[in-house]
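Novice: Chains as they are written, first to last, in the UniProt record's numbering: chain A, 1 to 394; chain B, 1 to 394.
Heads up, simulated DSS-like pairs for lysine-lysine below, C-alpha to C-alpha not over 27 angstroms straight-line: (1) Lys189/A - Lys259/A; (2) Lys46/B - Lys46/A; (3) Lys55/A - Lys55/B.
In case anyone wonders, no lab produced these hints; they're calculated from the structure.
2 protein chains.
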Amino acid sequence: MSNTKHLAQRIQNLQPSAIRELLKHSKMPGVISLAGGIPSSELFDKQGLELATRKVVEENFNDAFQYGLTEGNTELRDQLVELCKARGITTRSDQLLITSGSQQALDLLIRALADEGDVFVVERPTYLATLQILSLTAAKVESVGGDEHGMIVDELEALLKTTRVKGVYLVPTFGNPSGTTLSAERREKLVKLAAEYDFVIIEDDPYGAISFTDRREKTLIQVAKELGHEDHVVYTSTFSKILAPGLRVGWIILPEWMKQKVAIIKQATDLHANSFTQALTAAYLTLGRLDPQIELIREAYKQKCLTLSRLLEEELGEHITFNQPQGGMFLWASFRYDFDTTAWLQKTLEKGVVYVPGEFFFSDHADKRTLRFSYATATDEQLVEAVKRLKAAL
Amino acid sequence: MSNTKHLAQRIQNLQPSAIRELLKHSKMPGVISLAGGIPSSELFDKQGLELATRKVVEENFNDAFQYGLTEGNTELRDQLVELCKARGITTRSDQLLITSGSQQALDLLIRALADEGDVFVVERPTYLATLQILSLTAAKVESVGGDEHGMIVDELEALLKTTRVKGVYLVPTFGNPSGTTLSAERREKLVKLAAEYDFVIIEDDPYGAISFTDRREKTLIQVAKELGHEDHVVYTSTFSKILAPGLRVGWIILPEWMKQKVAIIKQATDLHANSFTQALTAAYLTLGRLDPQIELIREAYKQKCLTLSRLLEEELGEHITFNQPQGGMFLWASFRYDFDTTAWLQKTLEKGVVYVPGEFFFSDHADKRTLRFSYATATDEQLVEAVKRLKAAL
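This is chain A alone, in the form it adopts within the complex (with noise of 0.2 angstroms):
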């Protein structure tokens, strides 16, 4: 079992030596970013967002520059309930909360839910920032192993049979950093045993409408809902990657139970979400212009991940090894033989190149023949040249 006292210690080490580095070097002339979960800026709604932005200026002015209340912008919510109606998802505006971003939905609810010693699982490979706040609380991590299917549940469960687990948190649809999704009858699975033995799904979505094909799986929320299961999931998703990450907007559909204790804790960490930024996401889905904007999405990521994959195959098909993306933002990829991704970064940094070291997505177990390529950002001819230099790198 990985503590989190050594855990946050780990992190705190990799954190400004590494990634943070990494950011800066990403934004360094010349070196082509494949690190960052960045949304490309070029495919911003620009016409539609600066609509929204004099909308709510001429119409909504005092409401934008003032005080808000802690579950957000009641028109927002009520538009939120019809976008989840969309995704399959049935709820009602009281059980949500607007946050700044999915990331503070999951710190809330880790807030929450962790108390000492209680234990939470992860993915393996897991989204960085989630381990990041699991070690400022004193909960304890336990990671469960995942394939091209998602997170193993047989292995969760086998877990669950020794150990008293308080949550499982899991990015189940175009994982991050797996890109993987979970299956129908995994889904099941995983919410039975939640039910079984009483712990709480935390199910985070930013990606699962970026799909490349117009297969769905349904959102664990759902599952639970049609099981009778509803107390044991809570979901999360934004607006990050389907219209700006700046709006700094995201959500949370909360079971009863839950929803008056984070509310309080949402009003300790920062009284409520951007008033401004709330009523322009508001005032943008009532332009009709969402859904176009993610098909654009859908297709530009589509593109570029089939190019990235065709490339990576073609030149460096003997030395590493992935899964096919089916959407979302990223390529999880592993070196065929014993290789540290970490060291290599160096190399890659000279030619130009940059990309995530897959252990840093690992509570323990890393595997340091991974890593992680975004394709959100780069153009074509940058993808090309990207692994170019990665080829030269080797």
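Got chain A sorted already, so can you dock chain B onto it with the hints?
Specialist: Relative to chain A, chain B alone:
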């Protein structure tokens, strides 16, 4: 000593049933609210904020909608160095971290400092939401009394002789809820004690700029710098009271040894403050309109404060007593005889006026005779009517 578990329980009990209900009632038609610390929307610099918004959309679109630096917008931090200079504080942009309002600043700082069993000292009375934050940690809370010159620092010194203290939290200038300002002599003594007993002072300064006179006390951080004790003070302020709270833009000036830790927590919490409203605030500051805006607010609040003071004196002088505020948004009053202001609230609500009962601002030794009035939002006519209703409720 008040254990935070009890405190948490008490606040969670109070929170929904009283404060939140109160805020609901305060928005009921016909009810005049002297409760919330909410700036008057009518004083917002509508033209300036519109200009700044347009400037952001036209000149800074991508930065406003994209992810940003954890520490905050570079241009804004540079401008804040100048703003702090005008407040008599010498600092550098790399010591600044932008937060989602000063509420988040307090949360980040307390999370960074509070380990299990650590003792934090607050004033009696103190800012309610700081008690909420402390109740979410494993720290313990002690309190020190205050008088018309602010926190009684001699009482703190007595406590320090028996108790190891990690941090002291206070609003030294135009305090919330007390309205009082810590004297120059006590400021110097407090800073020296911080160095001698090795604790951190959290200087919360949302109201310092809203002075009704030309008299200025030095900030604690500046006193500390002059005495060579700058490692012992962390300063936070906000644009909420001097520009607009909906922006959710505040800042912290951090001593060197805290910078990395607070940045890591900020990143885990919500990555960074709102990109759009940081850019908006930076754009606003280039317009040269903040100083005249602050003048406007100072003069308006001063007049409202004088009106409320006069009315309370004339109409309720035999029942209540208070110190005349010299700045800020709050008038703290106390009944001259044994009285329960929490119970009284029900009666005043029936007459159509609300305030915040004093007991909410105490971590222990609550004085039920006290109550807090805010004069910032009500019009002159409403203040007259409010005091008439208060009298009728006696």
